[in-house]
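Note that the protein sequences, when read in sequence, are chains H and G. The first sequence runs 131 to 596 under this note's numbering. The second sequence runs 4 to 199 under this note's numbering.
Don't read these hints as lab results, they were simulated from the structure. Check each hint, because a few of them may be wrong.
[As the list claims (entries may be wrong)] Label pairs and their computed distance ranges (CB to CB):
no.: 1; chain 1: G; residue 1: 174; chain 2: H; residue 2: 371; range: 43 to 53 Å
no.: 2; chain 1: G; residue 1: 137; chain 2: H; residue 2: 303; range: 47 to 57 Å
no.: 3; chain 1: H; residue 1: 224; chain 2: G; residue 2: 188; range: 44 to 54 Å
no.: 4; chain 1: G; residue 1: 140; chain 2: H; residue 2: 436; range: 35 to 45 Å
no.: 5; chain 1: H; residue 1: 440; chain 2: G; residue 2: 65; range: 19 to 29 Å
no.: 6; chain 1: H; residue 1: 202; chain 2: G; residue 2: 51; range: 45 to 55 Å
no.: 7; chain 1: H; residue 1: 303; chain 2: G; residue 2: 178; range: 29 to 39 Å
[Unchecked claim] As a list, the in silico DSS-like pairs of lysine-lysine whose alpha-carbon atoms are at most 30 Å apart:
no.: 8; chain 1: G; residue 1: 189; chain 2: G; residue 2: 166
no.: 9; chain 1: H; residue 1: 133; chain 2: G; residue 2: 130
no.: 10; chain 1: H; residue 1: 138; chain 2: H; residue 2: 496
no.: 11; chain 1: H; residue 1: 383; chain 2: H; residue 2: 496
no.: 12; chain 1: H; residue 1: 138; chain 2: G; residue 2: 166
no.: 13; chain 1: H; residue 1: 201; chain 2: H; residue 2: 211
no.: 14; chain 1: H; residue 1: 211; chain 2: H; residue 2: 496
no.: 15; chain 1: H; residue 1: 133; chain 2: H; residue 2: 383
no.: 16; chain 1: G; residue 1: 166; chain 2: H; residue 2: 133
no.: 17; chain 1: H; residue 1: 568; chain 2: H; residue 2: 211
no.: 18; chain 1: G; residue 1: 130; chain 2: H; residue 2: 138
no.: 19; chain 1: G; residue 1: 189; chain 2: G; residue 2: 130
[Stated by the list, open to error] Beyond 12 Å from chain H on every Cβ pair, some chain G residues (computed):
no.: 20; residue: 38
no.: 21; residue: 89
no.: 22; residue: 107
no.: 23; residue: 131
no.: 24; residue: 138
no.: 25; residue: 147
Built from N, CA and C at the ideal position, the CB exists for glycine as well.
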Amino acid sequence: MPKTLFAKIWDDHVVHQEPGRPDLLYIDRHLVHEVTSPQAFEGLRQAGRGVRRPDLTTATLDHNIPTVDQKLPIADLIARKQVETLRRNCREFGVTLYDLDSRNQGIVHVIGPELGLTRPGLTMVCGDSHTSTHGAFGALAFGIGTSEVEHVLATQCLIQSRPRTMRVHFSGSLSAGVTAKDVILYMIRTLGTDGAVGHVIEYAGPVVEGFSMEERMTLCNMSIEAGARAGMVAPDETTFEYLEGRPFVPPGKEYQEAVDRWRLLPSDPQAEFHRDLDLDVDSLAPQVSWGTNPGMVVDVTGVVPDPEAFDEEADRESGRRALDYMDLDPGTPVQRVRVDRVFIGSCTNSRIEDLRSAARIARGRKVDQNVYAMVVPGSQRVKGQAEAEGLDRIFTEAGFDWRESGCSMCLGMNPDVLQPGQRCASTSNRNFEGRQGKGGRTHLVSPAMAAAAAIQGRFVDIRDWL
Amino acid sequence: MEPYRRETGKVATLDRANVDTDQIIPKQFLKRIERSGFGRFLFYDWRFREDGSLDPRFELNRSRFRGATVLLTGSNFGCGSSREHAPWALLDYGFRTVIAPSFADIFYNNCFKNGMLPIRLPGRQVKDLFRRVRENPEYALTVDLESCTLRDGRGLNLEFPVKPFRRHCLLEGLDEIGLTLRHEDKISRYEAAHSA
């Protein structure tokens, strides 16, 4: 029977199965960070259990670390304690930790791929919803809670109900300046933030095939914002080329054999999905979020919508609440909305291509005098590469602040936060109330759109600048 | 884990859709390394005003909802971040049951790991429950997981769906890690076969 990419990976990882029960699934790779793991390690300790496969477990610090001088002790004592707790847990349980002084440190969803820990055909988990990012490589990767983190640490397995499958096929060709970020925002806008609940999405079609790995990661990263359990892209030459020579990818003959296996993973031509969605993204405009969830999105050429025109009462109510929080009036052209802050970073858009794309816009220009803009590379490796390419100088000369790697103002667990009432163009993934700081107002955009907003002090249609 | 069998308690309402886990427990409280004590931070930015006093405009602050153990809310509850601090905060505040037309997957899953029961009901039934709470100040529900029914002692008797395995684990208060470790031999065999 023809199988989907998802089904091939799932079926290959079932350790135990019985009727009427969820499957027991083997997990190949477990990524760990400081925020969702302390209670899991504590649980192991209390039950007298160890980490079954420390060799399949990799930890790093990303969520609450500062992005200025990382050599200084963390000023926030509670954050410092959490960081030190992860260090102690990794020592005690024998787990590799990429600490702040490691060149492998970075946002967990940036370092997994760049180190080659992420590979096609693997099952991967992390106590973080954006684990869906790794699906870009044709892995089955999903976010879990802390109890499940403990479960994987103890058993290297998870009890999981088989999700449904959904294929999203993107057709058309993208205009210059329109990116994977715009495509995924458009999909969430179309599907709604719960449109893919219970499903694993496979992204397909010529648009996705033409995407680089960085773009595929942006796409898969935000699958969770449509409610999906995971997002995936079939591995192909782009995937293999990206992985070859990465630190944890075996070289030579072993690599060739792996590629031969990976070639068998893509969904069979006749494979059936529970749902199919075709989205034409031909001449799609850059997307900007206007509200307080990632489904509240309009074209940059559009206006802030009027919630009273929405069909459902629940949507009207959410829309009113969102406009009130965002301090926006219906009918306001998006390009007239001014910003105070710009954040380029996060597991959605902090990779080298994202930074290159923002730097192309920033080059030779100046950040608006009323805007504070910062660029936070996703990892130390990304930071190093960007500096080798001179991107840091382009940013700093334009007036952007150039930071150390971490999650930073995507969720504002560290000192990088919006002040109440501040409005931010952000390349991150969530525009929830208070996400970037209590009372802060977030507009989700692509890196190029964010850079342009920093320079103009308001949103612009990036296509006009190219 | 404390078993969940039959619970009777007052119902509080939060009539909005897409309540995300950033609202349920804002990020500044995720730095703690404990599993308990999150209740006082539940819905922090909605519940409290700048000066730290309770915001009377927020539904859950109404005196009639004090001591509620059932939360009735809108669709896609618990969307966003995977933080298990969200169910921890709800549970610590007093909610053991959450009723909504739909839930985000990770949140839904996390609830069961903590002896909480998320109940999905069709939109019209949820709407009807909202009406009942509005009309009856001390509105309470009995949630019976043995029979998978909701009753209000005023004639309401609804069945709700829950997967048999999840129900079994909640009823018995089972430690899932313990269940998995019963298959230790199979896990080892899997590892031996796949370590090539």
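To see whether the hints hold, each was checked on the structure:
no. : hint                         : result
1   : G:174 with H:371: 43 to 53 Å : 52 Å, holds
2   : G:137 with H:303: 47 to 57 Å : 52 Å, holds
3   : H:224 with G:188: 44 to 54 Å : 24 Å, violated
4   : G:140 with H:436: 35 to 45 Å : 36 Å, holds
5   : H:440 with G:65: 19 to 29 Å  : 27 Å, holds
6   : H:202 with G:51: 45 to 55 Å  : 32 Å, violated
7   : H:303 with G:178: 29 to 39 Å : 53 Å, violated
8   : G:189 with G:166             : 24 Å, holds
9   : H:133 with G:130             : 40 Å, violated
10  : H:138 with H:496             : 50 Å, violated
11  : H:383 with H:496             : 50 Å, violated
12  : H:138 with G:166             : 25 Å, holds
13  : H:201 with H:211             : 16 Å, holds
14  : H:211 with H:496             : 39 Å, violated
15  : H:133 with H:383             : 28 Å, holds
16  : G:166 with H:133             : 26 Å, holds
17  : H:568 with H:211             : 23 Å, holds
18  : G:130 with H:138             : 41 Å, violated
19  : G:189 with G:130             : 47 Å, violated
20  : 38                           : 5 Å, violated
21  : 89                           : 9 Å, violated
22  : 107                          : 6 Å, violated
23  : 131                          : 15 Å, holds
24  : 138                          : 19 Å, holds
25  : 147                          : 21 Å, holds
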